[in-house]
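A.B. asks: Those sequence lines, one after another, are chains Z and A. Oh and the first sequence: position 140 is 139 in numbering that gives the first Met the number 0, straight run, nothing missing. Oh and the second sequence: position 195 is 194 in numbering that gives the first Met the number 0, straight run, nothing missing.
One or more hints might be untrue.
Subject to a maximum C-alpha distance of 20 Å in a straight line, what follows is the list of computed SDA-like cross-link-like pairs (lysine to any residue) [what the hints assert, rightly or not]: (1) Lys152(A) to Gly131(Z); (2) Lys151(A) to Gly131(Z); (3) Lys311(A) to Ala300(A); (4) Lys6(Z) to Thr193(A); (5) Lys76(Z) to Gly99(Z); (6) Lys248(Z) to Phe196(A); (7) Lys91(Z) to Glu216(Z); (8) Lys151(A) to Leu312(Z); (9) Lys76(Z) to Leu160(Z); (10) Lys82(A) to Asp43(A); (11) Lys151(A) to Glu113(Z); (12) Lys152(A) to Asp130(Z); (13) Lys152(A) to Lys91(Z); (14) Lys95(Z) to Ala116(Z); (15) Lys152(A) to Ala122(A); (16) Lys248(Z) to Thr497(A); (17) Lys151(A) to Lys82(A); (18) Lys311(A) to Arg329(A); (19) Lys6(Z) to Pro512(A); (20) Lys248(Z) to Pro380(Z); (21) Lys91(Z) to Leu312(Z); (22) Lys248(Z) to Glu498(A); (23) Lys6(Z) to Lys82(A); (24) Lys248(Z) to Arg496(A); (25) Lys248(Z) to Ala287(Z); (26) Lys248(Z) to Glu493(A); (27) Lys146(Z) to Asp130(Z); (28) Lys152(A) to Gly336(Z).
Here are the simulated distance ranges between beta carbons [unchecked claim]: (29) Gly148(Z) to Pro500(A): 26 to 36 Å; (30) Glu136(Z) to Arg496(A): 19 to 29 Å; (31) Ala488(A) to Ala114(Z): 53 to 63 Å.
These are calculated hints, taken from the structure and not from any lab test. Just so it is clear, CB atoms sit at the ideal spot from N, CA and C, and this is done for glycine as well.
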Amino acid sequence: MEWTGYKTCCHRAALDPAAAFCGDCATPLIRCMNFNECLQLVEPMKPCPVCLNPELIVEEGAVSSGGVGTRLAIPLKLRNHNAELPRPIFLKRLLKRESGQDETEVPLDWQVVEAGAERSFLVEAGPFDTDGVARVELLLTMAMRSKEGFEEAYVFGGSLLLTVARDSAQQVVQNIDFSGAHFETGGLVKTDLRVDDASPQQAQPAGRRVLPLERLEVSEVKEGIRGYGQTGVRVPRTVQFAFHGFPEKDAPNFEVRLGARGALAMGRSGRERDPERNPSPMDVSLRAYGASGALDLETSNRVSRHHFDLVVLNDRLCVHVRSAKGAIINDRQLAAGSVEPINDGDLITPSGDVAGRIGLRAHFRSNPHGVVERIDLRRDPS
Amino acid sequence: MASQNITLSDDAILCEYVQIDDIKGFMQQRLGVGPDLMAMLIRDGEVAHVGHGAHIAVGGFWRSIKDAIAGTHALRLLIADLKPFPATGGVIAVTRDNVPVQGEVTLELQVNPDSPAGVLGFASDNEIVTKDEMFERLAPHINERVLQAVVKKVDALDLRGDVDVQNKVQAEIMTEAERIFGDMGLLVRAVSVTWGFNEEELAEIQKRAEVREQEMLDAKMENFSREIARTAAVTELRLKTDANTEAVKAASESELRQMLLTQELEFVDAKETGARAARMKALQGEIDEMKVEQQAKFDLALGEAKNDLDLKRVQTEIDKLNRETDRLNREQEAALNKLEELTKLEVAAKAREEQMASLKGLQDIDIEGEAARADIVSKSADSEHARDVDRRRQEDDTKLAELRLQREMTPDQLLATQAGLSPEVAAVFAERAKAENQSAAEKMALMERLVESGAKTGEQAKYFFEQFKEGVIGVAAGAGGAEAKEDPATVICERCRTENPASSSFCQSCGAPLRT
Numbered sequence: 000m001e002w003t004g005y006k007t008c009c010h011r012a013a014l015d016p017a018a019a020f021c022g023d024c025a026t027p028l029i030r031c032m033n034f035n036e037c038l039q040l041v042e043p044m045k046p047c048p049v050c051l052n053p054e055l056i057v058e059e060g061a062v063s064s065g066g067v068g069t070r071l072a073i074p075l076k077l078r079n080h081n082a083e084l085p086r087p088i089f090l091k092r093l094l095k096r097e098s099g100q101d102e103t104e105v106p107l108d109w110q111v112v113e114a115g116a117e118r119s120f121l122v123e124a125g126p127f128d129t130d131g132v133a134r135v136e137l138l139l140t141m142a143m144r145s146k147e148g149f150e151e152a153y154v155f156g157g158s159l160l161l162t163v164a165r166d167s168a169q170q171v172v173q174n175i176d177f178s179g180a181h182f183e184t185g186g187l188v189k190t191d192l193r194v195d196d197a198s199p200q201q202a203q204p205a206g207r208r209v210l211p212l213e214r215l216e217v218s219e220v221k222e223g224i225r226g227y228g229q230t231g232v233r234v235p236r237t238v239q240f241a242f243h244g245f246p247e248k249d250a251p252n253f254e255v256r257l258g259a260r261g262a263l264a265m266g267r268s269g270r271e272r273d274p275e276r277n278p279s280p281m282d283v284s285l286r287a288y289g290a291s292g293a294l295d296l297e298t299s300n301r302v303s304r305h306h307f308d309l310v311v312l313n314d315r316l317c318v319h320v321r322s323a324k325g326a327i328i329n330d331r332q333l334a335a336g337s338v339e340p341i342n343d344g345d346l347i348t349p350s351g352d353v354a355g356r357i358g359l360r361a362h363f364r365s366n367p368h369g370v371v372e373r374i375d376l377r378r379d380p381s
Numbered sequence: 000m001a002s003q004n005i006t007l008s009d010d011a012i013l014c015e016y017v018q019i020d021d022i023k024g025f026m027q028q029r030l031g032v033g034p035d036l037m038a039m040l041i042r043d044g045e046v047a048h049v050g051h052g053a054h055i056a057v058g059g060f061w062r063s064i065k066d067a068i069a070g071t072h073a074l075r076l077l078i079a080d081l082k083p084f085p086a087t088g089g090v091i092a093v094t095r096d097n098v099p100v101q102g103e104v105t106l107e108l109q110v111n112p113d114s115p116a117g118v119l120g121f122a123s124d125n126e127i128v129t130k131d132e133m134f135e136r137l138a139p140h141i142n143e144r145v146l147q148a149v150v151k152k153v154d155a156l157d158l159r160g161d162v163d164v165q166n167k168v169q170a171e172i173m174t175e176a177e178r179i180f181g182d183m184g185l186l187v188r189a190v191s192v193t194w195g196f197n198e199e200e201l202a203e204i205q206k207r208a209e210v211r212e213q214e215m216l217d218a219k220m221e222n223f224s225r226e227i228a229r230t231a232a233v234t235e236l237r238l239k240t241d242a243n244t245e246a247v248k249a250a251s252e253s254e255l256r257q258m259l260l261t262q263e264l265e266f267v268d269a270k271e272t273g274a275r276a277a278r279m280k281a282l283q284g285e286i287d288e289m290k291v292e293q294q295a296k297f298d299l300a301l302g303e304a305k306n307d308l309d310l311k312r313v314q315t316e317i318d319k320l321n322r323e324t325d326r327l328n329r330e331q332e333a334a335l336n337k338l339e340e341l342t343k344l345e346v347a348a349k350a351r352e353e354q355m356a357s358l359k360g361l362q363d364i365d366i367e368g369e370a371a372r373a374d375i376v377s378k379s380a381d382s383e384h385a386r387d388v389d390r391r392r393q394e395d396d397t398k399l400a401e402l403r404l405q406r407e408m409t410p411d412q413l414l415a416t417q418a419g420l421s422p423e424v425a426a427v428f429a430e431r432a433k434a435e436n437q438s439a440a441e442k443m444a445l446m447e448r449l450v451e452s453g454a455k456t457g458e459q460a461k462y463f464f465e466q467f468k469e470g471v472i473g474v475a476a477g478a479g480g481a482e483a484k485e486d487p488a489t490v491i492c493e494r495c496r497t498e499n500p501a502s503s504s505f506c507q508s509c510g511a512p513l514r515t
């Protein structure tokens, strides 16, 4: 289904915490991970415009021009433009790209930019080989976090244009001749005139100015920040899930999307809501059955009522383990509370006690543009 | 033995060949080259000696014998000036604002004394090389590459006095000159560029000169104006008095003040007095002119009169007419006064009459108003009473009609009509309806059969059937005879069985369309 954006009705519908779709237009309601504070709906692969609203500033007095062979240190500031909500921005990595040079990481001694605050850093550029305009591109990996411990990271890019003047300093030698009657007895006294060619205009500092930041989706995938770096595949938050091999009552017989919480709940509990016996129904019930089809209570009880959630974080399908028993992806044990990405073809097992009896295998179905449209969750063994 | 000192033919020459073969004779000659010159002896095409200065012996009898025995040698001597020399030339460039500028480049060059052989790089065979040629060699290389490139970035007015530009030009030219002359054994010691005045600068200078001249003229004008103002501002005061001049002269300051107060003494503003005098003179002139005019007119009129008698008779007639006119005027004035008094009296009487009429009219209006109010009160009471009577009559009629209707109603209908008034009655009715609802379908089928069989008249059967249907539907809808299983405010999604608000078009849980 093509994404058409939110309408007024969607924002009204989102105020109902149980609503996963807009009742008026059927648009999936994807809430920001901090929806309780920012009340923002987000698009399938974009950040929350309120919680992650950075601004890159060139500080007043920064010199943006130099000569060939010189180096420049440019003072910059990262500002968290969101001053209303207590949502900090985490600057996780800062890379610098200069023409003709390798990408280098700018070391930072800080990470958090509180709401409405600014943090300063220096970026060195040069030495410049040729005159003209030199471009220094900055790649900022910034993240926002939720109270549950989820983190969504994005890469933003900003460019600094520096003016490089030709040969800023040359040497002129002035010779004073003291030659006498005998030339060979004469001498030369050399006085060096040092010429500083940096013109006043070039050295003039500029005022404080804002550098426009652009989202760099390609770099996000290439750097492994979002999506699956090896294949370049990305999972949007609107991805659909189809279930195969489940008993009729244990999984929906139609394609579903992430629920109102932004997650698919999986555990031993049933799917029917009962205010007293099952107030928090699961989206998928993970239960064991015998050969005759009868419920294997003993094995089923080894699965927690709400064992794990499937969520989409950083354009990746992830498992969020809620059970104290942990979970297993393929052969890798996950501790309670951990959030791990799931790759195409991975097998998720609730715990070691039910290995071989209850499991889920994920298969991604992506379109030619590398966007996963559907994930088939097959019970293994069925 | 005599020694001949060899120097360059001219100071403008940088290097030249000296034909030693020309210096021959019986006696051997010694040639000396000064230390400020480079001497290069070339024997049979090979450089035999290079140094600062030289002392060479050529010719002579023994040399001739030696040449006769061993053969002759071709000898050439190249001498070059080792002293630094200036090479100057003009250049032209265009500034950023497209103003052509001319400059003079001066290079301080010197044949490298450490490698004088490099002179061969530019020494022409059998020709002299002048110092000026050196700049000509360099000029093509610096004009476009250096001067034009640098000057093109500067405006014409900013070119002069810009140390940065000068430094850049000098450094560039030096780099270029070293590149060109380095291989020729020439050292580049210094470079400088002097710019001539360009059009913009000349225009600016001209403009400044004009401005200065204008400022000077303005200053002069200002001085004159001030002088005039000062002269005008100075008021010459004179003392005018009828008193004894000597006494005034001897008076003290306080006495003079006293005299001023008593107006024995007064200041005379010379300027004002002069102006006043001028005005008086002008007025006097005008008065004199008028006098002359009047006199001329009078003379003319007098001339026109025939004689004094005619004048007297005319004057008498005029006087008579004047008197008659005065009498008529007085009579007319008296008549007018009388008429005015009469008019005032009449107006007063008329006004009094109208006032009386107005008062009477007002009294009539008040009386009519009171009568109307009394009438309205009376009518209002009547109509209220009539409405009250009507309302009571209607209530009685309604009650009567209701009682008549109830008399014809069945017990069920009576219960149904009372259900909305009492919850107990509604509960009773609900239980009754529940019990009867199960057999409703059977009853309906039976009634249909009755209609079809025509046991009674068709119209009567239809009436009963419709009555029955309405009764069942009314009981179910109005009194809750059948229990409502769904909340009418919600609708259940058929796909995921989630309750949704009835206003939703799509399920809020799974997005499926809802049946509305």
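A.B. asks: Take the hints in turn and mark each one as holding or not.
C.D. replies: Quick rundown of the hints versus the structure:
no. : hint                               : in the structure
1   : Lys152(A) to Gly131(Z)             : holds (14 Å)
2   : Lys151(A) to Gly131(Z)             : holds (16 Å)
3   : Lys311(A) to Ala300(A)             : holds (15 Å)
4   : Lys6(Z) to Thr193(A)               : violated (73 Å)
5   : Lys76(Z) to Gly99(Z)               : violated (25 Å)
6   : Lys248(Z) to Phe196(A)             : violated (99 Å)
7   : Lys91(Z) to Glu216(Z)              : holds (16 Å)
8   : Lys151(A) to Leu312(Z)             : violated (58 Å)
9   : Lys76(Z) to Leu160(Z)              : holds (16 Å)
10  : Lys82(A) to Asp43(A)               : violated (28 Å)
11  : Lys151(A) to Glu113(Z)             : violated (51 Å)
12  : Lys152(A) to Asp130(Z)             : holds (15 Å)
13  : Lys152(A) to Lys91(Z)              : violated (45 Å)
14  : Lys95(Z) to Ala116(Z)              : violated (23 Å)
15  : Lys152(A) to Ala122(A)             : violated (38 Å)
16  : Lys248(Z) to Thr497(A)             : holds (15 Å)
17  : Lys151(A) to Lys82(A)              : violated (36 Å)
18  : Lys311(A) to Arg329(A)             : violated (27 Å)
19  : Lys6(Z) to Pro512(A)               : holds (18 Å)
20  : Lys248(Z) to Pro380(Z)             : holds (17 Å)
21  : Lys91(Z) to Leu312(Z)              : holds (16 Å)
22  : Lys248(Z) to Glu498(A)             : holds (19 Å)
23  : Lys6(Z) to Lys82(A)                : violated (90 Å)
24  : Lys248(Z) to Arg496(A)             : holds (13 Å)
25  : Lys248(Z) to Ala287(Z)             : holds (13 Å)
26  : Lys248(Z) to Glu493(A)             : holds (15 Å)
27  : Lys146(Z) to Asp130(Z)             : violated (50 Å)
28  : Lys152(A) to Gly336(Z)             : violated (66 Å)
29  : Gly148(Z) to Pro500(A): 26 to 36 Å : holds (34 Å)
30  : Glu136(Z) to Arg496(A): 19 to 29 Å : violated (54 Å)
31  : Ala488(A) to Ala114(Z): 53 to 63 Å : violated (41 Å)
The earlier numbered hints that this structure contradicts are 4, 5, 6, 8, 10, 11, 13, 14, 15, 17, 18, 23, 27, 28, 30, 31.
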